[in-house]
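Visitor: One line per chain: the protein sequences are X and S, in this order.
Numbering of the first sequence is given in my numbering, commencing with residue 1 and proceeding in unit increments.
Numbering of the second sequence is given in my numbering, commencing with residue 1 and proceeding in unit increments.
One or more of the hints may lead you astray.
[Stated by the list, open to error] With a straight-line cut-off of 20 Å between C-alpha atoms, the simulated SDA-like cross-links for lysine to any residue are: (1) Lys371(X) with Tyr101(S); (2) Lys368(X) with Pro26(S); (3) Lys342(X) with Gln438(X).
No lab work stands behind these hints, which were simulated from the structure alone.
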Amino acid sequence: MKPLFTQLILLLSLCSFPLTAATKVEDIQSFTLKNGMKVIVLEDHSIPNANMYLFWKVGSRNEVPGITGLSHFFEHMMFNGAKKFGPKMFDRTMEAAGGSNNAYTTENSTVYSNWFPASALETIFILEADRIEHLSISESMLNSERNVVSSERTTGLENSNFRAIAEEVKATAFRAHPYSWSVIGHASDIENWNLEDLKQYHKTYYAPNNAIVVIAGDVKVEQVKKLAQKYFASIPAQPAPKAVRTIEPKQKGERRVYVEKKSVTTPNIMMAYHIPETKHQDYYALDILANILSSGDSSRLKNTLINTQQTASRVFTYMPDSIDPNLFYIYAVAAKDVSALKLEKAIIYELNQIIKHGVSKDELQKVKNRKTVDFHRTMSTIDGKADTLGSYELYFGNYQTLFSASQKYQQVTIEDIQNVAKTYLIKSNRTVGVLASQKDSSNDDL
Amino acid sequence: MTIYKQFLILVLSAICLPSLAAYKLPDYEKVTLDNGLTVYLMVQSEVPLIDMSLVVKTGAVNDNKLAGLARLTAENIAFGTQKLTKSQLDEKLDFIGASFYSNANLEFSKLAASFSSKDQLPVMKLMRDMLLTPRFEQAEFDKYKKRHLLNLEQNKESPKSVIYSYFNRLVFGESGYGSAILGNANTVKSITLDKVKSHYKKWYQPSNSAVIIVGDFEIQQMKAQINAMFGQWEDQKVLIKTPVRAVDKFTQAEVLLVNKEDAIETTFVIGGKGIARDNPDRVGINVINTILGARFTSWLNDALRVNAGLTYGARSRFYSYSKGGSFSIYTFTKTATTIEAVDLALSTYQKLFEKGIDEKTLASAKAYVKGQFPPKFETSTQLSALLGNMFGYGFNESYIDTFEQQVNSLDIEKTKQLINQYFPKENLQFVLIGKADAIRDKVAKYGTVEELNIKSIGYSAH
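Input sequences plus hints: build the corresponding full structure.
Guide: This is the structure:
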């Protein structure tokens, strides 16, 4: 939004920038370099800062057994030295120029973000170009970073019950597709992948034709074009990465998994239903359904399970954006003295209510209203703008979809919601995971 | 070498041209109504949203023997008004896409909402009704209390979630800033709805409160609305606040070892006395702390993560309140490398006293904190939180408005003085959460060890 910079107010008013206008699709410019790299630019002069997001179309879906977790590991290795900037110099140079950075890896993408004072824009281009074209992967950095990632994996499992159970549920729901393993990968793969694996991965996936770059903030489109041409255009394109061939076979019956973790207080339950990819026509109805179930204290599951019945202490849904067909998750933590089974039945009862009777007009309208306000929340920072534009470009095929999303949500009907519930939220399509403190074995076992 | 020169030029230009973009807090109006209520109004119009906060100066420091009372009071205020049940209220706020929360920290309680500017009037009325005429229904209180008791147990599943509760208790003692904001199983069990009502009656008074509105609204109309909505609210009686005890320097190093039976790593915090929010040297101290442990290339992260591969991350921080604060180093490592990691954290910290900071590192940190400053105050929500902190912790915008100037004036001599004056050097306090059997014998070298189980009630061995 608009913290005022005393010197800048005057300049802005002289140039008659629309200070109060919300972002429109026309405010965004994009161009594609000769090597296939797409660049999206949004000028926003509200603060003297800018960002650069690089979306690489590579995630755990591009891995195979033996190199699980490599996409995420690569996210780490990209900070460990290139040709002009040796080990540690990427971060040191960026921070000395007033910038900071981070990165995240998902099942579908690896995303790097740089946040900096706009005056450092060229430095950021130089830093990124160097590591994209000339990443230098040394054996010693590989081994040191391996331990860092092991610690990241361990701390996730130690502190998050969700992480502990999600790993098992994914492995059970998917028996063929690479969404089967966690983004961080198997412990044994983290310990054993080698230099050659990494070099090949970088060449294949960190090619300019496999990237989307988004820049938002106090920059000029012409200036960005010039810098992109100067620093990114000469990076050679590579053959397109191999398509992910495996299609997950249809699930024909319920699957179940149990995990023991001693420190768990009350049982945690994760239910996962196969659903189509984000580009599928059912996406909007499913997203609204997820919100009807658990967005806000008045939502179906929160109101019924936590407030009225007191069977759950926590409940939420999660539907990740996805290139291939993925999962619709429902996660709940039991209330005191409530068994996993009782909680599971309570959730299924609520889902069946929607399958049988649909949702109300008000429930649907509530989510549509929320989507409109959330859009403004997302667009209130340069960071939110860049991340969202890139995500839409990646998952929906073009960033313009962001500006028609509100209309797409408005078109969803009560019948659409009931239909997707009937189609996907059914027993034969689900995997149920339970995480609890009890041992799963006893002397009376069959 | 070319690159290195460019890097120097960038740093120099950041130093030479600070006045061009010197950050000032956006203009806002602060008025006090006749009943003593403080009102902050700041217009921000990029997106059609408004943030409204109601801040009351009471928090866990006033809980005395009933730890958790301020938090339970703040949460229960949101469970319906005299006109609306909890479910009806939730439904109204959810329907228009408003997001809402209420909570209490050590020093103040807060109800906060973010909503579409077109819903300004209805949301403000709901907020007023929660604050002035809360429902305080027994059934909702009972349900909440049960959930809260379970929540206290669940938090202990994650060492990260609770390690600072143990650390604060160790550094500040049982009362004051050592108070457990969420309470513990024993104190929460003895909190009744009547006690919540008395707490509300005592502390929720206009002269002890502020209304903060930031976002897309018309200022004259807003003033009239606030006057009409809150002008009739009256003080009940004179408040007597619990004095917060100042922290003395520690006379011995202490180690609190918290056993978590199924731990696969050790999480630890090392630290001591810090500074208050209004400390005039806060900006300079934060620049030094940036070098030590508050950015990726910081000494702690570089030593423990990048060089040694012992952890995913290591950092240091100052938590500051109105009359004091703490300094701490925080990280985690697999059980087998616990001692190696603690030793490395300590030897890295000692470099601050032994070697001090060089010109190049200082220049980099100064550019970094200035470059990262503007996005901290970009949205209405961020600005509303800032004004809430100013009211609740009692500091003013000079911290914001003179930030760049203070950063620029920091030199090597001054860093030496600040390090010696504010960073605790001796008798450090340790909290380690992990598998006690595996590390018990080895941690005695750091200080007097006390041990307890993570599942034990509360955050102290006493």
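Visitor: Lys368(X) and Pro26(S): Cα distance at most 20 Å?
Guide: Violated. Lys368(X) to Pro26(S) sits at ~33 Å, over the 20 Å cutoff.
Visitor: Between Lys371(X) and Tyr101(S), does the CA-CA distance stay at or below 20 Å?
Guide: Given that 20 Å is the threshold and the Cα spacing comes to 19 Å, the pair holds.
Visitor: Has the given pair, Lys342(X) with Gln438(X), been kept, meaning a C-alpha gap of at most 20 Å?
Guide: The hint holds at about 16 Å.
In summary, the structure is inconsistent with hint 2 from the numbered list given earlier, while agreeing with all the others.
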